[in-house]
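Peer 1: Chain by chain, the residues:
There are 4 protein chains.
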Amino acid sequence: MNSTLILIQCRDKIGLVSQIAKVIVSYNLNIDAMHQYVDEGEFLFFARFECSGPATDSGIIRDELLKHLPEQAIVKVNPPSPKKLAILVTKEYHCLGDILTRNFFHNTDAEVCCVIGNHTDLKSFTERFSLPFYYIPHQERSKEDFESEILNTLSPHQPDYLVLAKFMQILSTDFVSRYPNRIINIHHSFLPAFAGGRPYHQAFVRGVKLIGATAHFVTESLDDGPIITQQTITIDHAYTVAEMVRAGQEVEKTVLNKAIGLVTGDKVFVSGNKTIVFE
Amino acid sequence: MNSTLILIQCRDKIGLVSQIAKVIVSYNLNIDAMHQYVDEGEFLFFARFECSGPATDSGIIRDELLKHLPEQAIVKVNPPSPKKLAILVTKEYHCLGDILTRNFFHNTDAEVCCVIGNHTDLKSFTERFSLPFYYIPHQERSKEDFESEILNTLSPHQPDYLVLAKFMQILSTDFVSRYPNRIINIHHSFLPAFAGGRPYHQAFVRGVKLIGATAHFVTESLDDGPIITQQTITIDHAYTVAEMVRAGQEVEKTVLNKAIGLVTGDKVFVSGNKTIVFE
Amino acid sequence: MNSTLILIQCRDKIGLVSQIAKVIVSYNLNIDAMHQYVDEGEFLFFARFECSGPATDSGIIRDELLKHLPEQAIVKVNPPSPKKLAILVTKEYHCLGDILTRNFFHNTDAEVCCVIGNHTDLKSFTERFSLPFYYIPHQERSKEDFESEILNTLSPHQPDYLVLAKFMQILSTDFVSRYPNRIINIHHSFLPAFAGGRPYHQAFVRGVKLIGATAHFVTESLDDGPIITQQTITIDHAYTVAEMVRAGQEVEKTVLNKAIGLVTGDKVFVSGNKTIVFE
Amino acid sequence: MNSTLILIQCRDKIGLVSQIAKVIVSYNLNIDAMHQYVDEGEFLFFARFECSGPATDSGIIRDELLKHLPEQAIVKVNPPSPKKLAILVTKEYHCLGDILTRNFFHNTDAEVCCVIGNHTDLKSFTERFSLPFYYIPHQERSKEDFESEILNTLSPHQPDYLVLAKFMQILSTDFVSRYPNRIINIHHSFLPAFAGGRPYHQAFVRGVKLIGATAHFVTESLDDGPIITQQTITIDHAYTVAEMVRAGQEVEKTVLNKAIGLVTGDKVFVSGNKTIVFE
Chain G
87 MNSTLILIQC RDKIGLVSQI AKVIVSYNLN IDAMHQYVDE GEFLFFARFE
137 CSGPATDSGI IRDELLKHLP EQAIVKVNPP SPKKLAILVT KEYHCLGDIL
187 TRNFFHNTDA EVCCVIGNHT DLKSFTERFS LPFYYIPHQE RSKEDFESEI
237 LNTLSPHQPD YLVLAKFMQI LSTDFVSRYP NRIINIHHSF LPAFAGGRPY
287 HQAFVRGVKL IGATAHFVTE SLDDGPIITQ QTITIDHAYT VAEMVRAGQE
337 VEKTVLNKAI GLVTGDKVFV SGNKTIVFE
Chain A
87 MNSTLILIQC RDKIGLVSQI AKVIVSYNLN IDAMHQYVDE GEFLFFARFE
137 CSGPATDSGI IRDELLKHLP EQAIVKVNPP SPKKLAILVT KEYHCLGDIL
187 TRNFFHNTDA EVCCVIGNHT DLKSFTERFS LPFYYIPHQE RSKEDFESEI
237 LNTLSPHQPD YLVLAKFMQI LSTDFVSRYP NRIINIHHSF LPAFAGGRPY
287 HQAFVRGVKL IGATAHFVTE SLDDGPIITQ QTITIDHAYT VAEMVRAGQE
337 VEKTVLNKAI GLVTGDKVFV SGNKTIVFE
Chain C
87 MNSTLILIQC RDKIGLVSQI AKVIVSYNLN IDAMHQYVDE GEFLFFARFE
137 CSGPATDSGI IRDELLKHLP EQAIVKVNPP SPKKLAILVT KEYHCLGDIL
187 TRNFFHNTDA EVCCVIGNHT DLKSFTERFS LPFYYIPHQE RSKEDFESEI
237 LNTLSPHQPD YLVLAKFMQI LSTDFVSRYP NRIINIHHSF LPAFAGGRPY
287 HQAFVRGVKL IGATAHFVTE SLDDGPIITQ QTITIDHAYT VAEMVRAGQE
337 VEKTVLNKAI GLVTGDKVFV SGNKTIVFE
Chain Y
87 MNSTLILIQC RDKIGLVSQI AKVIVSYNLN IDAMHQYVDE GEFLFFARFE
137 CSGPATDSGI IRDELLKHLP EQAIVKVNPP SPKKLAILVT KEYHCLGDIL
187 TRNFFHNTDA EVCCVIGNHT DLKSFTERFS LPFYYIPHQE RSKEDFESEI
237 LNTLSPHQPD YLVLAKFMQI LSTDFVSRYP NRIINIHHSF LPAFAGGRPY
287 HQAFVRGVKL IGATAHFVTE SLDDGPIITQ QTITIDHAYT VAEMVRAGQE
337 VEKTVLNKAI GLVTGDKVFV SGNKTIVFE
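Protein chains in written order, with this note's numbering: chain G, 87 to 365; chain A, 87 to 365; chain C, 87 to 365; chain Y, 87 to 365.
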């Protein structure tokens, strides 16, 4: 028995499920799990089918599905896995440590191809896992120059996704456009609260009773891209900013890992500025 | 545009989704949301379709679906709503208060037909909502006699579901068999921990850092029926039993309300001793 | 054995706990539970002592404590209880229902003296609990006139706190100044996210994966007063605005009840724009 | 300005806080944060004071406090830090990875002195962090012999605590008695539910809607020692046992890390079979 994963995104119309299911059954595949969603604002249909059955040619099924779907449908059958991840970091180790530990034990749908840091703090740690660490400083040079070196460094690795694992530099619109919906950021607040810099400091000043973290795709608009997942934890008046940071880092790690798992497991679609997540 | 809700439970086989969707589209219905699940241990298929389209005859769609499904399939098309609820209580008001407040404002898929109490503590409260309260004491009589009076009292109301809203009496197997998978209980612990009596006392003695509540269907086996939903909250060493009770009551109320909403919204299937919940 | 509750707020200095504890022991009281906190930014000391021992004269203990504390210390010994609450509502019933149910069974540190509504939707419900409902419309009159009628209506009841239980009118600075840190509002978002109007609509548009509620004291600055407690729940892409509202109302109810319990249980201090909550 | 941490555990009596605070102020120390708790069942008093002020001799303060406290009081002033941890593992990497990553960056109150495994699966990973890994197999030998080798291996490291980071062997009463309240275990369920083996399998069979993890001190009674902290997450009917394991491992990691932080931060007291945790 083989597994076949089918992902579909297209204009909505009546009878889509019926036609898709008919194609699936025609290849003798059983639907083990399916999720679908219609974004009624955008008139878009999204679906994910996990099937089992005889070995099949992904390309043939894909072509057959495209015949029965509205024009410009996007269909993926058995998309490549594992995904290749490039990790961008600055100084904080907690998210990177979590990612590299999993990677070492091959326990994900992803594999890390390299780590890029604009500081050297995480170089020794990365290299202990036998992974390349590229130090690309941002100081005393233009952003254009800085980003250009990153792009050149990434190029031979051909990553599927970039993960900003506490990368404290804002990427330009031009850079982001090279990896559309392929850059995952972890922001250390429950967006849209406390966007921008020093969110824990903002949270302390405001006297909130919750802190949190948000994983989102990066778009040209800072901290405003499609949210993949987010989580909060309870705090109280006695938390200093440093204690918020420490507690928050645990949430950041959890949320970023969750987001990476969802994205590399082909469970996330993007519709306008929102995500559809089929868990 | 009308809404059509279709619920299906049957033996699993290849192509079910395709055949069901074909029937649905043949009535010009659009699938707005669908959920399906295959219990691979039991070889059972469960599905729930929310459709929109022209007005249709529920009986005809149902018959057409049955033609294409395995024998003994259970199909419901536009099951009756709102559901009629009979509430059984003892002395604690918190769950009942929540249910009657919602009922007063008609803000649910359910309507309360009566309240039965084995004490009179909640009589005045119930009657303020212009609902019948039947006092049926359990003292100084046999359980058979007690339950027989409850059954007779319920009979003219023809409730769809019985809700044990902190009803502190154990029902006999015979009683339960009259309402199979139609009695919802709230147990004041996160089952299977602390089944049986005085769960908060047990929790205090064990020194746990969590307390919780579980809503489940009642079967002949005490506290052991299919779980619908459950939730925990964090406590610490400083909680007395009384404080656990007070904090726990909030969770009980939330969990019972959630369960009632799921069941009366036709979102819960039972498979063996488990529930399938399509949220 | 009697219980004695002591609340202290004053400038911080070395040896405060020692001096306070010395006074307490001099009256033969045992400290069963104590909480203290120093706001190092404001140089303020806050403490709450639950004591047991022989019956004592609250005024005498208070005077003795004041002798040993810095000038302008605020000391309360056995503050009056239950607190009197006036509830202000518009059309939504869920928070009011929760408050009136508890009130009916006297299960709190508070008692409701009246309900004021700028619509009549909740009049019948309130009166079923034998409580006065005052209909004070805001339409076709000045805010000054509207608020003046509210103040006059409240006056004979002498409430300790006003609870805005989904009261959809913004109160003037002048009104708020009559009840400093004595007006509790429930805002239907996790502030500071989605302050202002239609927070669930804002949340839908932004595509967040969490919604929440915040209870706070009302100050002259809208949605910006000291936060008492707040909570979030997880949602997903499939939630419509209406479903967010429904799920959110459960959280609003829980959060507002929590806040009322904390405030009327004398567990909340205000320091600048923050609360100190001794749970 | 120096920090002084004071921990006290003794029989309860009136005036303890006053006497302790008097000693503290006599050394010109300011109390920045204090927690106290009276276990009324056991008549025991527990307190933790974080103070700041001039440098002081810990031994002298300790002796002075003992003079004013009931006999057999346990007083610690500035207990040694960081604590030394020995980690015991079997095959699962997730808890160990989290611990060793933190350890590498020295971001805790603890430092890892060695890792002991009854399988070799985690040897290479551990050694990448330049830490000793001792392979001590349990097969084909008596438990006595197995444990004796562990004890001998630990001996030169003089660990303060043993952390069972998914160590799948049950330790004998004799072994446990060598490290009383100094062995921390992570159990992969919300105890007391699903004690013993294969808790996720048990959870699957029971059809629960929550899974969780519990960190506790190990006593001679399996899975029954004082609980330090525990947490649950929500699951649904669609989770296979493998998916529960995967989701559960994230919780296990979080809960174990929380427990280690609390214990090594001198925030946990043990009273009978319960913990008092001053967060």
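Heads up, some of the hints might be wrong.
You can't tell identical chains apart in this list, so a pair holds if it fits in one copy or across any two.
[Unchecked claim] Within a straight-line C-alpha distance of at most 20 Å, the following computed SDA-like cross-link-like pairs (lysine to any residue) qualify:
hint : residue 1 : residue 2
1    : K108      : L151
2    : K153      : S104
3    : K353      : R332
4    : K344      : A333
5    : K153      : V111
6    : K99       : Y265
7    : K177      : E233
8    : K360      : T239
9    : K169      : Y247
10   : K229      : M330
11   : K353      : D207
12   : K209      : N189
13   : K360      : V291
14   : K162      : T259
15   : K153      : K353
16   : K344      : L217
17   : K153      : S138
18   : K209      : E136
19   : K209      : D322
20   : K170      : P156
21   : K209      : F190
22   : K209      : V356
23   : K99       : P218
24   : K360      : E329
25   : K170      : E197
26   : K170      : R148
27   : K99       : N116
28   : K360      : V327
29   : K360      : R292
30   : K209      : G145
Note that these hints are calculated values from the structure, not bench results.
Peer 1: Indicate which option fits the pair K360, R292 if close means a Cα-Cα distance not exceeding 20 Å: within, between, both or neither.
Peer 2: Cα proximity of K360 and R292: across copies only (7 Å, versus 28 Å in one copy).
Peer 1: Taking 20 Å as the upper bound on the Cα-Cα distance, should K177 and E233 be classified as within, between, both, or neither?
Peer 2: within (18 Å within a copy, 41 Å between copies)
Peer 1: 20 Å Cα cut-off: does K360 pair with V291 within a copy, between copies, both or neither?
Peer 2: between (30 Å within a copy, 8 Å between copies)
Peer 1: Give the relationship of K170 and R148 under a CA distance limit of 20 Å: within one copy only, between copies only, both, or neither.
Peer 2: neither (23 Å within a copy, 48 Å between copies)
Peer 1: First find the shortest C-alpha distance between K170 and P156 inside one copy, then the shortest across copies, and answer within, between, both or neither for a cut-off of 20 Å.
Peer 2: Answer is neither; intra-copy 31 Å and inter-copy 44 Å both fail.
Peer 1: Can you give me the call for K360 and V327, within, between, both or neither, at a CA distance of at most 20 Å?
Peer 2: between (31 Å within a copy, 14 Å between copies)
Peer 1: Regarding K170 and E197, is the shortest C-alpha distance of 20 Å or less found within a copy, between copies, in both, or in neither?
Peer 2: within (5 Å within a copy, 34 Å between copies)
Peer 1: Can you tell me if K153 and V111 fall within 20 Å by alpha carbon in one copy, between copies, both or neither?
Peer 2: Both. Shortest intra-copy (16 Å) and inter-copy (18 Å) distances satisfy the 20 Å Cα cut-off.
Peer 1: At most 20 Å between CA atoms: does that hold for K209 and E136 within a copy, between copies, both, or neither?
Peer 2: Cα proximity of K209 and E136: none, with 40 Å in one copy and 37 Å across.
Peer 1: When Cα atoms must be at most 20 Å apart, do K360 and E329 count as within-copy, between-copy, both, or neither?
Peer 2: Cα proximity of K360 and E329: across copies only (17 Å, versus 32 Å in one copy).
Peer 1: Using 20 Å as the alpha carbon limit, work out where K153 and S104 are close: within a copy, between copies, both or neither.
Peer 2: For K153 and S104, the Cα distance is within 20 Å both inside one copy (14 Å) and across copies (17 Å).
Peer 1: Go through the copies and call it for K353 and R332: within, between, both or neither, with a Cα cutoff of 20 Å.
Peer 2: Between copies, since 16 Å is at most 20 Å while 30 Å is not.
Violation of the numbered hints given earlier is confined to hints 6, 8, 10, 11, 14, 15, 16, 17, 18, 19, 20, 22, 23, 26, 30; the remaining hints are satisfied by the structure.
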